[in-house]
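J.: Read off the chains here:
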Amino acid sequence: MTTNGAARRVSQFTLDNGLRLVSAPAATPQVAAVNLWYGVGSRHERPGRTGFAHLFEHLMFQGSGNVAKGEHFDAVERLGGDINASTSTDRTNYYETVPEHALDLVLWLEADRLATLREGMSQEVLDNQRDVVKNERRQRYDNQPYGTALERILRLGYPEGHPYHHSTIGSMADLDAADLDYVLSFHGRHYGPDNAVLTVVSNLDPADVRDRVERYFGAIPARPSAAEAPDAALTGPIGGPVRDHVVEAVPAPGVFLGYRTAPYGERDFDVLHLASAVLGQGQGSRLYRRLVLERGLAADDGGAAADLLPFRYTPSLMLVNMIAREGVSGDDLEAAMIEETEKLAEGVTDEELERARAVLERDHLQTLSHPSGLADSISACTQLFGDPELAYTWPRRWAEVTTDDIVDQAKRALVPENMLSVRFDPDDTEAGERPAA
Amino acid sequence: MLQTRPVLGDPKSYAFPKPRRLRVNNGTVVAIDAPGQLFASVRLVHPAGGGSEPLDRMGVAALTNEALEDGVQGNSSLAPALERHGAEWVSRVTWDSFVTGVDAPTNRLADATALLAEAVRTPALRDDDVVRRRDQILERFWLDASVPSTLATRAIGGQLFTGRYATPLSGAPVRLKDITPEAVREFHAASVAAVAGTLVVVGDLSGVDLEQLGALVFGGAAATPDLPRTAPDSAPGELPRVLIVDRPDSVQSALIMAHRAPSRADIDLPRADGVGDVLGGMFTSRLNLELRERLGYTYGAGCRFDLRRDSGVFLVSTQVERDTTAHSITATLGEIDKLRRDGVTEAELSAVRESNTVGLPVTYSTPRSLAAALVDIVVHDLPDDHVDRLRAGFEAITADDLAEGAREYLRPEELVTIVAGDAKRLEGPLGELGIGPVTVRDPESLWS
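Respectively, the protein sequence lines represent chains A and B.
Going by the numbering used here, the first sequence opens with residue 24, and the numbers climb by one from there.
Going by the numbering used here, the second sequence opens with residue 871, and the numbers climb by one from there.
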């Protein structure tokens, strides 16, 4: 057992089958937040099988050996609980927040689909969820202005064949090609207790939580062998500037810049994370003050123009994104964004760094103020770094970063050789043109 | 060996935390102590929402609310000042309220609240700042309207109401562009600066001086007045009917089906919300099960009531693959008819009862959600034990109540169906549905 401050006590335990359990106290009564991080994401997908980790996440709600289709959602929703799941490049998470007395039920539901999902699977549910995911793709990517930006960014940021070259949602063709046999084998390869972190945030005694988890998960065998992830090693800069220029029905020019940086968890990542906050997080950030307020080049986004896309197993990306004001060309906006970004290398004030730290710490506290946010942070820190305490102590990493560190990092990473640009410009020949306001 | 499904014991009884009320100067502080929650939520509630704007000043409340972010020194000075305290500005205008506030670490709460107070009472509201904000809102209106679901949702007001509700809260371009900095300053002086309002505070309050916070925020402002409101008239036109907002080549259609509903005060909330839950309030609701989980037409479908002080709206919303649009509409109507005809199942009744009672500790597990409940109580003049009364209403609800609620609150004959999608491919199939005449409009013609 480890402790961190008087009010925070995290307990860790690894079951014989490899399941890593972490329990932590909730700052709110009568609630249990359950969060499972499986170490499988779109980085495990092969060419021709993109979108599969995410499609699989959908299938996990479609019934298992002892749970009918829809029953998992129904059981949690009728308790007034929160329930969902998400898939990224590096992991798939499943989570429920329920009244405390329902903890056993949620553990049982999670254990049942981990152990017996294959018994609930059928061609019919696969076909249905494939259609649902294709509509998710339409809703989030294809029918949204700038919706394909992330896909295009990844294509430029990572070479063909690299496991981060494609997006989590996958392609329509690959989704069409998904077959039942592959679904079943995917579950076998990636879904074992030895590939999962289970976090429970509640006010129950950690020993009690451990007993319950043992009861429901203890008998599930580990996978015969751990699945291998495709090689994601990548060194050096992007080799830029590399560009993708899209002309389609968007309301105004949109600029997306990307810069390659260190994997999530490394110090250079933290440094650039602070740099991104100086540059583009909050209304005190440089991009907001210069391009929104002073020069009137960019649409008011409230100060959300820069952030990091965190990848644990390959270099991450810093993203900078703004939309042009009326009468401002994409070229002018892009040039101004690049100028501000590269100018970080000329110096950052103590005041700017202080503000950036406060902004990141605020977001950190916001996340931890919700039991499910705390549970997810703990699962992340345990799965990715083997240290649940990091969920509480992460801001200490920012405390040590200096303005010189940011300047050094900017000189190395925020340069044309390391830059990608995805540009959207309105197709003025179509009806998608914006009317004069 | 795997375990069998556990049988749940009884939930612990839950009571919504009793708020502390304090009269300070001419205002009221309403607070909940949430021990261990070190990130607090502070909200200042004024009744000056968009619904009470005169028709020649539509959008002034929303513009003023944004312009407050320019702070006492102008030029967007508020947010950076808050950011240095690790605090965040949280504000919004609804039809019934003008809300400002901060989320802040409890140990910086007094500093952050002092910034809130001066931003609300003595903002600069300089000409060039107000004009910049106004022009940004005008441009953002069309950026946002390029998102199909936003486009469809924004069209509801003009289809259901005349008067203020016919135009979006932000005023829409044609109205907003005429709002002058002088109009903003007048509105602010009369409806915000001079009015004390009600201060909501939620978080770990050990070491927090509520009286001091109240005095900081209220100063010498006058007591909050009651704003008289009269129920709005309906938009003219045959019902039911269909409006296609043309979005050429869209691969999906953003679909809204809406009709008027009673006001918040006039509706029986457990019955209405219960009906909403069964039809479309949850993942396992009928619309989502049919349109997503059986037919695979959508990523999600749902419905809700949007209830205001003087009126309300019921709406179904979803985004469906283009070629399934017509069938999605008939399937939705089929679900509404079935619910009105046959009522709810025992399983649905228990889901409504349980999810709205035993789930309360989950619903109110953050300072933000507790603060939102208090804001709701303030805006709608509800008693402090409103949440517990509501729970009692759900505990007592019967299948007959829900069946009756479905017949009373769901009115398919009054539905306006709004589709943001490819008119060229949709007009024909939708015209054949027998759900009223079909009109096609370009988005830009809706708010000019």
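Possibly wrong hints are sitting among the right ones.
As the list claims (entries may be wrong) - Simulated coverage check for chain A against chain B, where a stretch passes if three residues somewhere in it have a Cβ under 8 Å from a Cβ of chain B: (1) 51-62; (2) 92-105; (3) 162-176; (4) 316-323; (5) 382-389.
Unchecked claim - Here are the computed distance ranges between Cβ atoms for each label pair: (6) A:91 x B:1255: 55 to 61 Å; (7) A:194 x B:1119: 15 to 21 Å; (8) B:906 x A:259: 43 to 49 Å; (9) B:885 x A:370: 54 to 60 Å.
Derived from the structure by calculation, the hints contain no laboratory data.
The beta carbon of each residue, even a glycine, is placed where N, CA and C say it ideally should be.
J.: Are the hints correct? Go through all of them and say.
T.: Okay, the hints, checked on the actual structure:
1. A stretch counts as covered by a chain when three or more of its residues have a beta carbon under 8 Å from one of that chain; for the stretch 51-62 of chain A and chain B the count is 4, and the coverage holds.
2. Remark: the stretch 92-105 of chain A is confirmed as covered by chain B, as 10 of its residues place a Cβ nearer than 8 Å to a Cβ of that chain, reaching the required three.
3. Remark: the stretch 162-176 of chain A is confirmed as covered by chain B, as 6 of its residues place a Cβ nearer than 8 Å to a Cβ of that chain, reaching the required three.
4. Only when three residues or more bring their CB closer than 8 Å to a CB of chain B does the claim for the stretch 316-323 of chain A stand; here the count is 4, and the claim holds.
5. Counting residues of the stretch 382-389 of chain A whose C-beta sits closer than 8 Å to any C-beta of chain B gives 5, which meets the bar of three, so the coverage hint holds.
6. Distance hint check: the CB atoms of residue 91 of chain A and residue 1255 of chain B are about 39 Å apart, inconsistent with the given range 55 to 61 Å.
7. Separation of residue 194 of chain A from residue 1119 of chain B is about 20 Å and conforms to the stated range, judged on CB atoms against 15 to 21 Å.
8. For residue 906 of chain B paired with residue 259 of chain A, a C-beta distance near 47 Å keeps the hint of 43 to 49 Å intact.
9. The beta-carbon spacing between residue 885 of chain B and residue 370 of chain A, approximately 56 Å, falls within the hinted interval of 54 to 60 Å.
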